[in-house]
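Just need the whole structure built from these sequences, with the hints factored in.
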Amino acid sequence: MDQDYISMWQNLGIDLENHDCLLKALADFYQQIYLSQENRPEGMKYFDFVISEAHGLRIKELLEAKKQGKKVIGTFCVYVPEEMILAVKGICVGLCAGAQIGFDEAEKVLPKNTCDLIKAFIGFKLTQVCPYTESCDLLVGETTCDGKKKAYEILDKLTRKVYVMEVPHRKTEAGKELFLKELFNFKEKLEEISGQKMSLETLREGVKIVNEKRKALMRLESLRAHDPVPISGLDALLVEQIAFYDDPIRFTKKVNELCDELEERVKMGVGVKPKGTPRVLITGCPFALPNWKLHHLIEASGAVVVGEESCVGRRYYHTLVPENFNSVKESIKALAERYLNTHCACFTPNTERIEDIKNMAKKLNAQGIIYYSIQFCTPYLFEAYQVEKALNFPFLKIDTNYSTEDVGQIKTRVEAFIETL
Amino acid sequence: MKVLGLDVGSTYIKVALFESKKLKFLEKDKTSYQPLEKCLKYIEKYQPDQVVATGYGRNLINTNLENCTTISEIKAFAIGAKFIHPKVRTILDIGGQDTKVISLDEKGKVVKFEMNDRCSAGTGRFLEIMCKALGYEVEDLNNLEFEGNVKVKISSLCTVFAESEVISLIAQGIPREEILKGVHLSIVYKVLSMLKRIPVREDFVFAGGCSQNRILKRFLENQLKIKVITFKESPFLGAIGAGIFGIKYTL
Numbered sequence: 001m002d003q004d005y006i007s008m009w010q011n012l013g014i015d016l017e018n019h020d021c022l023l024k025a026l027a028d029f030y031q032q033i034y035l036s037q038e039n040r041p042e043g044m045k046y047f048d049f050v051i052s053e054a055h056g057l058r059i060k061e062l063l064e065a066k067k068q069g070k071k072v073i074g075t076f077c078v079y080v081p082e083e084m085i086l087a088v089k090g091i092c093v094g095l096c097a098g099a100q101i102g103f104d105e106a107e108k109v110l111p112k113n114t115c116d117l118i119k120a121f122i123g124f125k126l127t128q129v130c131p132y133t134e135s136c137d138l139l140v141g142e143t144t145c146d147g148k149k150k151a152y153e154i155l156d157k158l159t160r161k162v163y164v165m166e167v168p169h170r171k172t173e174a175g176k177e178l179f180l181k182e183l184f185n186f187k188e189k190l191e192e193i194s195g196q197k198m199s200l201e202t203l204r205e206g207v208k209i210v211n212e213k214r215k216a217l218m219r220l221e222s223l224r225a226h227d228p229v230p231i232s233g234l235d236a237l238l239v240e241q242i243a244f245y246d247d248p249i250r251f252t253k254k255v256n257e258l259c260d261e262l263e264e265r266v267k268m269g270v271g272v273k274p275k276g277t278p279r280v281l282i283t284g285c286p287f288a289l290p291n292w293k294l295h296h297l298i299e300a301s302g303a304v305v306v307g308e309e310s311c312v313g314r315r316y317y318h319t320l321v322p323e324n325f326n327s328v329k330e331s332i333k334a335l336a337e338r339y340l341n342t343h344c345a346c347f348t349p350n351t352e353r354i355e356d357i358k359n360m361a362k363k364l365n366a367q368g369i370i371y372y373s374i375q376f377c378t379p380y381l382f383e384a385y386q387v388e389k390a391l392n393f394p395f396l397k398i399d400t401n402y403s404t405e406d407v408g409q410i411k412t413r414v415e416a417f418i419e420t421l
Numbered sequence: 001m002k003v004l005g006l007d008v009g010s011t012y013i014k015v016a017l018f019e020s021k022k023l024k025f026l027e028k029d030k031t032s033y034q035p036l037e038k039c040l041k042y043i044e045k046y047q048p049d050q051v052v053a054t055g056y057g058r059n060l061i062n063t064n065l066e067n068c069t070t071i072s073e074i075k076a077f078a079i080g081a082k083f084i085h086p087k088v089r090t091i092l093d094i095g096g097q098d099t100k101v102i103s104l105d106e107k108g109k110v111v112k113f114e115m116n117d118r119c120s121a122g123t124g125r126f127l128e129i130m131c132k133a134l135g136y137e138v139e140d141l142n143n144l145e146f147e148g149n150v151k152v153k154i155s156s157l158c159t160v161f162a163e164s165e166v167i168s169l170i171a172q173g174i175p176r177e178e179i180l181k182g183v184h185l186s187i188v189y190k191v192l193s194m195l196k197r198i199p200v201r202e203d204f205v206f207a208g209g210c211s212q213n214r215i216l217k218r219f220l221e222n223q224l225k226i227k228v229i230t231f232k233e234s235p236f237l238g239a240i241g242a243g244i245f246g247i248k249y250t251l
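Same order as they appear, the protein sequences are chains P and L. No gaps in the numbering here: position 76 of the first sequence is 76 in the UniProt record's numbering, and each next residue is one more. No gaps in the numbering here: position 187 of the second sequence is 187 in the UniProt record's numbering, and each next residue is one more.
Please keep in mind that the hints were generated in silico from the structure rather than gathered at the bench. Be a bit skeptical, because a hint or two may be false.
[As the list claims (entries may be wrong)] List of simulated lysine-lysine pairs, PhoX-like, C-alpha gap at most 20 Å: (1) Lys397(P) x Lys196(L); (2) Lys397(P) x Lys181(P); (3) Lys112(L) x Lys411(P); (4) Lys66(P) x Lys181(P); (5) Lys112(L) x Lys397(P).
This is the structure in structure tokens:
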């Protein structure tokens with residue numbers, strides 16, 4: 001390992017021993033799941049590189065930016081507008097964690113029946129393995145679910161850097177008003193921490209950058225509608241995951257280059273799997289890095305994942321922010337409207353999500369839907385019933401966590417489901 | 001042309017040999033810790049032209065054997081049940097470590113299925129552990145039949161907790177026959193909760209290692225109010241289905 005990195009991690013307060021275990025496990029896992037795939041697009045090389053340098057080069061970039069006075073802001077949810085972070089010249093990084101690291105430690109402070117996503121970000125902190133968390137000047141929590149809400153109180157005790165933004169649970173006029181106020185409060189907080197003023201110009205620039213990123217991700221999604229599919233679900237998922245922490249301008253460029261290549265593939269009828277491979281849409285909870293379990297199981301069972309109706313997926317890039325605002329106030333309003341139009345199960349009612357799933361299934365030519373929920377994620381577990389009833393589509397519900405203990409059982413179910421498609 | 005259907009379950013390996021498309025032999029052996037070796041012995045014995053594997057060990061066999069394909073247990077049971085009872089619409093399989101319920105359309109295609117996830121409640125393993133606590137061999141149960149209603153209720157579905165419950169009932173001096181009835185009823189309740197999630201129709205075939213258990217069958221019929229059909233081949237339906245899939249696959 002690069003000596004520079006080791007001292008960089010040491011300076012960040014990373015526990016080198018724990019961190020080493022994490023990196024080793026990740027490298028093996030990546031080799032096994034990603035690099036063994038056949039016929040991958042050339043354009044994935046960039047994303048392989050980003051993953052291999054996730055704790056190295058990217059952290060170095062963040063630290064250099066910090067030296068120039070920029071602030072690193074960590075977020076855990078797609079309701080937190082990254083445009084606003086860019087508008088104070090900040091860097092936005094997603095901090096959700098997708099591996100069972102530090103769970104023993106996490107369970108000392110959290111109830112056992114907490115979802116793995118929460119256990120993971122608390123566990124990562126308690127075992128000091130995440131250089132992103134350690135690089136952040138501010139950790140932005142939100143009130144989407146009870147578990148996260150209470151976990152942020154604990155995370156704040158551990159870091160003293162947590163700011164919580166309130167997300168309403170109903171899309172009523174009162175809810176909209178509250179969210180708008182919260183964005184104005186968030187603006188103040190960001191200005192205070194960065195010492196930068198959010199201006200019409202910087203907001204325009206921020207909105208433009210993130211819109212371009214979302215357009216690229218939409219373009220990638222639409223290419224997955226083709227049969228044979230030009231990119232595996234695993235690779236597309238990786239791109240969606242990297243969207244949360246890579247430099248947004250460079251990322252957008254690389255996604256567009258990948259899409260150019262995929263368009264060529266489509267023209268020539270080249271795919272990663274044979275034409276007629278069963279096509280599955282996944283809907284439900286987020287897939288934080290490095291959670292590749294379900295995609296891997298589905299694709300190793302002879303199907304291909306063609307889309308994710310998930311926070312790591314469509315709920316991140318569902319719509320753009322209108323760019324025709326003429327004042328700071330108008331821009332915050334436009335952001336509030338766009339962000340509140342995200343269809344998460346923490347809202348009631350949340351019937352729009354069912355329409356999203358229907359539209360995606362149709363557009364992406366899916367033949368079956370796999371409903372993915374992380375154990376103890378009450379909002380998504382509850383919505384499964386209504387979604388299944390409303391869809392009238394081949395449907396399989398998988399309730400799982402980050403461990404590998406149920407891989408055999410899930411594989412049997414997924415294989416049997418694919419056989420029925 | 002010989003086709004061997006292999007159902008490598010968690011507790012037993014079941015084999016079905018087809019010769020010229022006719023079912024010739026059925027055999028089973030404990031899976032134990034060397035499933036691959038045991039399967040290879042069967043292959044040596046029967047010298048099949050093709051092998052189709054199903055069950056938890058299917059991929060182990062597949063990666064170590066040429067001329068082998070795999071199908072999921074759900075599909076294997078659907079095909080096997082249709083072979084033995086062509087009108088089948090619902091299948092219940094209680095195996096060693098999992099329980100599944102499958103709903104079929106009139107052509108025998110799988111419409112919906114449910115499986116227990118990672119927990120052994122309502123499976124053969126649950127029964128086995130309770131038997132141990134009560135001094136029975138699990139095989140003895142197939143020859144038992146108890147009259148009368150269930151007087152003792154086992155309320156815990158968790159194998160570990162249910163075992164302590166059984167032990168405390170023994171300590172209260174309750175006859176083991178009564179406790180055993182309660183254990184059976186608790187499995188039936190677990191199965192019923194799974195059956196609620198799929199369409200259940202007549203021509204209900206009970207399969208898997210526990211299908212020879214007459215107490216379970218009677219309790220199921222009482223609760224479901226429909227006829228539960230079992231065959232002596234019921235524990236082998238997965239292997240039979242795999243074999244038939246192999247015959248169709250080579251055609």
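Now for the hints, and whether the structure bears them out:
The suggested pairing of Lys397(P) with Lys196(L) holds, with an alpha-carbon distance near 15 Å, which does not exceed 20 Å. With a C-alpha separation of about 38 Å, the suggested pair Lys397(P) and Lys181(P) falls outside the 20 Å cut-off, and the hint is violated. For the given pair, Lys112(L) sits about 16 Å from Lys411(P) by alpha-carbon distance, which is consistent with the 20 Å threshold. For a cut-off of 20 Å, the pair hint linking Lys66(P) to Lys181(P) is broken: about 29 Å separates their Cα positions.
Between Lys112(L) and Lys397(P) the CA atoms are separated by roughly 11 Å; this keeps the pair inside 20 Å, and the hint holds.
Going through the hint list in order, the structure does not satisfy hints 2, 4.
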